[in-house]
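Protein chains in written order, with this note's numbering: chain V, 401 to 777; chain L, 401 to 777.
Bear in mind the hints are in silico, worked out from the structure with no lab data behind them. Any given hint could turn out to be false.
One copy or two, either will do: identical chains are not told apart, so a pair holds if it fits within one copy or between any two.
[Unchecked claim] Computed cross-link-like contacts, PhoX-like style, restricted to lysine-lysine with a CA-CA straight-line distance of at most 25 Å:
{"#": "1", "residue 1": "K643", "residue 2": "K515"}
{"#": "2", "residue 1": "K643", "residue 2": "K514"}
{"#": "3", "residue 1": "K514", "residue 2": "K533"}
{"#": "4", "residue 1": "K533", "residue 2": "K515"}
{"#": "5", "residue 1": "K514", "residue 2": "K685"}
Number of protein chains: 2
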Amino acid sequence: MSKRPWNFSAGPAILPEPVLERVAAAVGNLRSANFWNEGIESDLSILEISHRGPAFSSIHEHAIDLVHEVVGVPRDRRVMFLQGGASLQFCMVPMNLRREGKVACYVETGAWSKKAIAESERIGPTRVVASSKETGFDRIPDAPSAEDLVDAAYLHVTTNNTIYGTEYRELPEVPPDVPLVADLSSDIASRPMALDRLGIGYAGAQKNLGPSGVTLVFGRRELLDESDPADVPAYLRYRTFAKAGGLYNTPNTFGILVLAAVLEWVRDEGGVCAMGERNERKARKIYEVLDANDVYEPHARPEDRSWMNVTFRLAGADEAERAERTSRFLSEAEAAGFSGLKGHRSVGGVRASIYNAFPEAGVDAFVEFLREFARRA
Amino acid sequence: MSKRPWNFSAGPAILPEPVLERVAAAVGNLRSANFWNEGIESDLSILEISHRGPAFSSIHEHAIDLVHEVVGVPRDRRVMFLQGGASLQFCMVPMNLRREGKVACYVETGAWSKKAIAESERIGPTRVVASSKETGFDRIPDAPSAEDLVDAAYLHVTTNNTIYGTEYRELPEVPPDVPLVADLSSDIASRPMALDRLGIGYAGAQKNLGPSGVTLVFGRRELLDESDPADVPAYLRYRTFAKAGGLYNTPNTFGILVLAAVLEWVRDEGGVCAMGERNERKARKIYEVLDANDVYEPHARPEDRSWMNVTFRLAGADEAERAERTSRFLSEAEAAGFSGLKGHRSVGGVRASIYNAFPEAGVDAFVEFLREFARRA
Numbered sequence: 401m402s403k404r405p406w407n408f409s410a411g412p413a414i415l416p417e418p419v420l421e422r423v424a425a426a427v428g429n430l431r432s433a434n435f436w437n438e439g440i441e442s443d444l445s446i447l448e449i450s451h452r453g454p455a456f457s458s459i460h461e462h463a464i465d466l467v468h469e470v471v472g473v474p475r476d477r478r479v480m481f482l483q484g485g486a487s488l489q490f491c492m493v494p495m496n497l498r499r500e501g502k503v504a505c506y507v508e509t510g511a512w513s514k515k516a517i518a519e520s521e522r523i524g525p526t527r528v529v530a531s532s533k534e535t536g537f538d539r540i541p542d543a544p545s546a547e548d549l550v551d552a553a554y555l556h557v558t559t560n561n562t563i564y565g566t567e568y569r570e571l572p573e574v575p576p577d578v579p580l581v582a583d584l585s586s587d588i589a590s591r592p593m594a595l596d597r598l599g600i601g602y603a604g605a606q607k608n609l610g611p612s613g614v615t616l617v618f619g620r621r622e623l624l625d626e627s628d629p630a631d632v633p634a635y636l637r638y639r640t641f642a643k644a645g646g647l648y649n650t651p652n653t654f655g656i657l658v659l660a661a662v663l664e665w666v667r668d669e670g671g672v673c674a675m676g677e678r679n680e681r682k683a684r685k686i687y688e689v690l691d692a693n694d695v696y697e698p699h700a701r702p703e704d705r706s707w708m709n710v711t712f713r714l715a716g717a718d719e720a721e722r723a724e725r726t727s728r729f730l731s732e733a734e735a736a737g738f739s740g741l742k743g744h745r746s747v748g749g750v751r752a753s754i755y756n757a758f759p760e761a762g763v764d765a766f767v768e769f770l771r772e773f774a775r776r777a
Numbered sequence: 401m402s403k404r405p406w407n408f409s410a411g412p413a414i415l416p417e418p419v420l421e422r423v424a425a426a427v428g429n430l431r432s433a434n435f436w437n438e439g440i441e442s443d444l445s446i447l448e449i450s451h452r453g454p455a456f457s458s459i460h461e462h463a464i465d466l467v468h469e470v471v472g473v474p475r476d477r478r479v480m481f482l483q484g485g486a487s488l489q490f491c492m493v494p495m496n497l498r499r500e501g502k503v504a505c506y507v508e509t510g511a512w513s514k515k516a517i518a519e520s521e522r523i524g525p526t527r528v529v530a531s532s533k534e535t536g537f538d539r540i541p542d543a544p545s546a547e548d549l550v551d552a553a554y555l556h557v558t559t560n561n562t563i564y565g566t567e568y569r570e571l572p573e574v575p576p577d578v579p580l581v582a583d584l585s586s587d588i589a590s591r592p593m594a595l596d597r598l599g600i601g602y603a604g605a606q607k608n609l610g611p612s613g614v615t616l617v618f619g620r621r622e623l624l625d626e627s628d629p630a631d632v633p634a635y636l637r638y639r640t641f642a643k644a645g646g647l648y649n650t651p652n653t654f655g656i657l658v659l660a661a662v663l664e665w666v667r668d669e670g671g672v673c674a675m676g677e678r679n680e681r682k683a684r685k686i687y688e689v690l691d692a693n694d695v696y697e698p699h700a701r702p703e704d705r706s707w708m709n710v711t712f713r714l715a716g717a718d719e720a721e722r723a724e725r726t727s728r729f730l731s732e733a734e735a736a737g738f739s740g741l742k743g744h745r746s747v748g749g750v751r752a753s754i755y756n757a758f759p760e761a762g763v764d765a766f767v768e769f770l771r772e773f774a775r776r777a
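Working from the sequences, and respecting the hints, build out all of it.
Structure (structure tokens):
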């Protein structure tokens, strides 16, 4: 594993090297990978064992346990590993939580929340109760009031916005009868969060939790287990999975193993508290250089800046100069061993995704590069 | 990779050892895994690269190419890798293919087709046009006539029935205006098939194609690209994926790599023709011993027996003796190094799943065990 570039990919994103080594071994042979202390009694690969057999059952239970212990999901919540990413949750949430006479309420903070809103609108009455659209999604809007939510079936937020680089510092508070639903895909397990405030939380795994193809869904049992909309296909009802202990059909077995290995790594590094301190420090180092040099224009306003995705543009007298500088920045960065910095295709510019597994040494090297580039710009 | 048991798991199922070695290397480092002749320019793991970057694009295109070349999907069909398994296709098919005034038609051949039928019934008019329910799903029923299909939106079949051990020897022929839709999850790429007869084919990867968490979907472009039911969520419309070249949201990137490696292995072993000859021989060897010994009662009638899943019961004067023998058979088999033989929880008995990657040497060893057990029974 030599010569690894610094991987700023927005997702699927960097994973810790010890995790990669462990799961590569498990692709060969589960027993010799010696995955957990108690060992797994199988000489097969993780890729070829039944999801209903004892070896995978122990992996599955261990993964659920780690979601409680490490991520901080309260023990009384149900934890499930589905497929389809956040994109499938965008329709499953309204399909399962819509209530006669109630309105699905959303906070609009960028591209992903817009997709969630569009799916809800297809399914039933939907209202945007707060938005930062007018300021180019450069901030987290003020939380909606209790009055805004008087007829709410639920309130949906996107906790971190990968494309615009904004992030909730704290989950909003909602009236007790309104379930809070959060798309946590890009900042779950990055710091301590008041996850007990959530009715349902979900996260595609491919940023802080593991590989692509696994979606963590957790929440209050009365929401996941008891909602049973008869006109909704079985696969799209939370209850279908809840009743089957999460295993309605064959899950992404390998992905769940990787997720467990990643969460063990988080735990062994000091848990989400240590992650939060490290992530804040990593982000601050980059924002400081960006703020100190006019050639960089960070997108988000300071108080709402993401610790996960630092997004900025290169300054220029006109769009042509901006474009030329951006392109030069990206190619020089690539040559210097910084990979995956190109901004999302919808907004351009630069995006440095510095999830949990992105090492502080990589941030220090990048900060040096940013200083150097500014000097020459 | 020593001491591997003979793995009869019904899915996730056995994978070829050379494939496991290659993909374990790719979990470490894509370049050093030297995955294809041209190499992949990345020192990152397959688990941590963007699905929109050049390394994954080349993997994705290569996988699509192999589906045409090796599986035999005609070049003019669209090929996509989705998530959610066959279970999600059970609702996506009727959601996308229902037509005003038409009826969704199904052949009922066991548990999986029943699930597909149940989802279709939730979505619109549905008719079972052929069934082997009355004979305990021991056969493939006669194909429906053109008259049966006069108002059909499509005809859906399950080509191999893992639980009951029956299999279509040939895809049925349908009137030219009726799309044939096939769940090929458990026998795709196991032999040459007339896939040009299909409007849409789909297959969970975890039997003959790779790991769990990837669903291959292919079909005629007018069905996948052009159907655009506005009331269906974006994620559940084939068109959404088709318009995005298959990459609407983050796919199971690792699973697609494994699928490509498996298909290269199939190609290098002689392709689906060689697989078909080998699979027929493997199955015949087992059925011959079962037929020759009264202690075994194969479930399927001879002409419809599956080459993928051999299902049988142990004979007995009463249920107690059957149960005792079955339990003894399974524990002796496990002790002798045969893993995963327990029949599906819904029917009990024994199931030997002998997918492409199950070696003939394992079949020979199992045949010996079957003879030996019968001698003592």
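Checked hints:
1. K643 - K515: between (29 Å within a copy, 16 Å between copies)
2. K643 - K514: between (31 Å within a copy, 19 Å between copies)
3. K514 - K533: within (10 Å within a copy, 47 Å between copies)
4. K533 - K515: Close inside one copy (14 Å), not across copies (43 Å); limit 25 Å.
5. K514 - K685: neither (31 Å within a copy, 58 Å between copies)
In summary, the one numbered hint that this structure violates is 5.
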